[in-house]
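What follows is the residue order along each chain.
There are 4 protein chains.
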Amino acid sequence: MSLIVAISGSPSTPSRSGALANHVADDLRNRGFELASITVRDLPAGELLTGRTSDPTIAAAIALVERADALVIATPIYKASYTGVLKAFLDLLPQLAFTGKVVLPLVTGGTIAHVLALDYALRPVLVSLGAQHIVNGLFVLDKALAVSERGLALDADVEKRLAGIVDDFAGSVLRRATATGVLRTTP
Amino acid sequence: MSLIVAISGSPSTPSRSGALANHVADDLRNRGFELASITVRDLPAGELLTGRTSDPTIAAAIALVERADALVIATPIYKASYTGVLKAFLDLLPQLAFTGKVVLPLVTGGTIAHVLALDYALRPVLVSLGAQHIVNGLFVLDKALAVSERGLALDADVEKRLAGIVDDFAGSVLRRATATGVLRTTP
Amino acid sequence: MSLIVAISGSPSTPSRSGALANHVADDLRNRGFELASITVRDLPAGELLTGRTSDPTIAAAIALVERADALVIATPIYKASYTGVLKAFLDLLPQLAFTGKVVLPLVTGGTIAHVLALDYALRPVLVSLGAQHIVNGLFVLDKALAVSERGLALDADVEKRLAGIVDDFAGSVLRRATATGVLRTTP
Amino acid sequence: MSLIVAISGSPSTPSRSGALANHVADDLRNRGFELASITVRDLPAGELLTGRTSDPTIAAAIALVERADALVIATPIYKASYTGVLKAFLDLLPQLAFTGKVVLPLVTGGTIAHVLALDYALRPVLVSLGAQHIVNGLFVLDKALAVSERGLALDADVEKRLAGIVDDFAGSVLRRATATGVLRTTP
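Residue numbers (my numbering), protein chains in the order written: chain A, 21 to 207; chain B, 21 to 207; chain C, 21 to 207; chain D, 21 to 207.
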């Protein structure tokens, strides 16, 4: 069973991008994948900002990324790019930490004017980490996402596009598992 | 007298990019500018990562940026981009916090392969903050920079290129001061 | 009197971005600048595509860029970036052809989703050409621009923002002329 | 049998990036794929620059891209980005012309300082065309590539990295063929 780790890089809580990542994680868990998650803002802040990778909580988060077969990476767009919080965590990873992994980027933003930040800002960083396949991600407008105690409500068209993207991601993770022979039996 | 604020975004100490920023700040101070500096890794980490701009230290740093006529922004390149530490601070600034300001970007990296990160990753973020003029910055290879207790030693050709860039920046800050009528008398 | 050259990179005619460049050129001429223009689609196509810079028409266009004190560069956004037509001309220029020049980028697009292409795609290319100052440019939605025989009609808010941007550009060109001592007397 | 189309975007001939694309095409043909190629500089120049997609030669090139299961896209880096020649052809394609296709980007440059142009400049354009999977491409230094009448000679380490990249690309094309059920019998 492939392990998928969802990384949420929002500095705020509740967070639209975090809720979106959880929503996708639930969907993937229902499809039989093993899921784990990292919320960067909950990591020890001083250790994160000064790069102390020996801290046990941070070391565990890095090890989780290394064990993962695939990653969901969620961030809001601030100042035309991903958040500093997300990047602070990515900065702690080994240079080619994403080697052999499939990555699904999920991005939220207040205006459609930010949409290219996914491909011009976030994707090059993910590529530099050696990702084997970064599938086409999704940009979701803040107003198409409502977060409440009962979970996430998405506009119908976003829900539909998201389903297609998660299908594509899940298929890519499964093909990778087959190709690399790491397919384990589901319990 | 124009106020120039140097922002250092390295997570480590001592830091090559931080030493470079200090070196440029000393040069600018000698030219008669008022200088102040912000080392992001020294700000309260938990408050920074969770966006608590009401924290007095963070609020003071933001206010310093707003008062500045010009900024020196220094970062190493990690994972094909600026650091998360730097971006975490920029994320806390008002949307157009750099309006009317002149900005000098200074970037260090372990290999010349990272040089385009200045213009493809950092500059678009600085533009999004509304900077009036982002002068041509400098990328310095780690090996051309030696940091010791006696300060920074730069390779001769880097020193020369840096001098030209600081000249250009200082000239732009002075022209801006004249143009906007904010030129104050030097003490 | 400073020479400003407007370069239009649209493959089609009539062209919204070309009309926008002409509109800005007229404004600048009225302010006392000397203006010239290059419409890339009108250059000899075979020579352009195969880099024959010895062709007299192409050589004249390159010489015009080199003589310019400042440039207006206009392109629509296609496929998340500037046009191939524009880039084909920029490819023929000497490596640092924009050294010492002030540049105003003008971009048009069918959707606001393309707006970051100005800063993530076009600006890095202009920086690589050595531009001394690339002022904040303008992205204009196709629907805010009507081109007819009587010229260009712009939405009122675009007209207003454009005026501010042209003011900033003109000021920068004049300051540059003063600073470099190339200010010539206007006839 | 999957059809792979190699697109070469160099304005010059002989061309290092073009020779690299041919080299990879030969390798892929030997693996049993059907290969075709488009050299943009050989298309009718005037029609290309003015977007006349009704021209029979250009229409045939566009149709070839649409029929392709996968693409090899080769360009030198000029002025911190792909060539205008390449982009002029991409500009003529339908908005999502790469939907469902696997893409291998190959880039050559005179200095390692250009390497990030692959991921910051070219990849976002390929993503905007809807590519299903853009595999990790290769940046090759001009001096690691010798083009002569007997073909292409590559430095040994480049040859080795290229082989790994072509393996990955071929594997992705085959998995795509299986997944989408378009696997046709080899003759």
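Any given hint could turn out to be false.
[Claimed, not checked] Counterexamples of contact, computed for chain D against chain C with all Cβ distances above 10 Å:
(1) T33
(2) N50
(3) E54
(4) D111
(5) I132
(6) A141
(7) L161
(8) D162
(9) L182
(10) G191
[Unchecked claim] Interface residues of chain C toward chain D, partial, derived using beta-carbon atoms under 10 Å:
(11) E67
(12) I78
(13) A79
(14) G104
(15) V105
(16) K107
(17) F109
(18) V145
(19) G191
(20) L194
It should be emphasised that the hints constitute simulated quantities derived from the structure, not laboratory data. Keep in mind it's a predicted model, so treat the numbers as computed, not measured. From the three backbone atoms N, C-alpha and C, an ideal C-beta is built for every residue, glycine too.
For each hint, the structure was consulted:
no., hint, verdict
1, T33, "8 Å, violated"
2, N50, "31 Å, holds"
3, E54, "26 Å, holds"
4, D111, "5 Å, violated"
5, I132, "15 Å, holds"
6, A141, "7 Å, violated"
7, L161, "17 Å, holds"
8, D162, "15 Å, holds"
9, L182, "26 Å, holds"
10, G191, "27 Å, holds"
11, E67, "8 Å, holds"
12, I78, "12 Å, violated"
13, A79, "16 Å, violated"
14, G104, "3 Å, holds"
15, V105, "6 Å, holds"
16, K107, "3 Å, holds"
17, F109, "7 Å, holds"
18, V145, "5 Å, holds"
19, G191, "27 Å, violated"
20, L194, "28 Å, violated"
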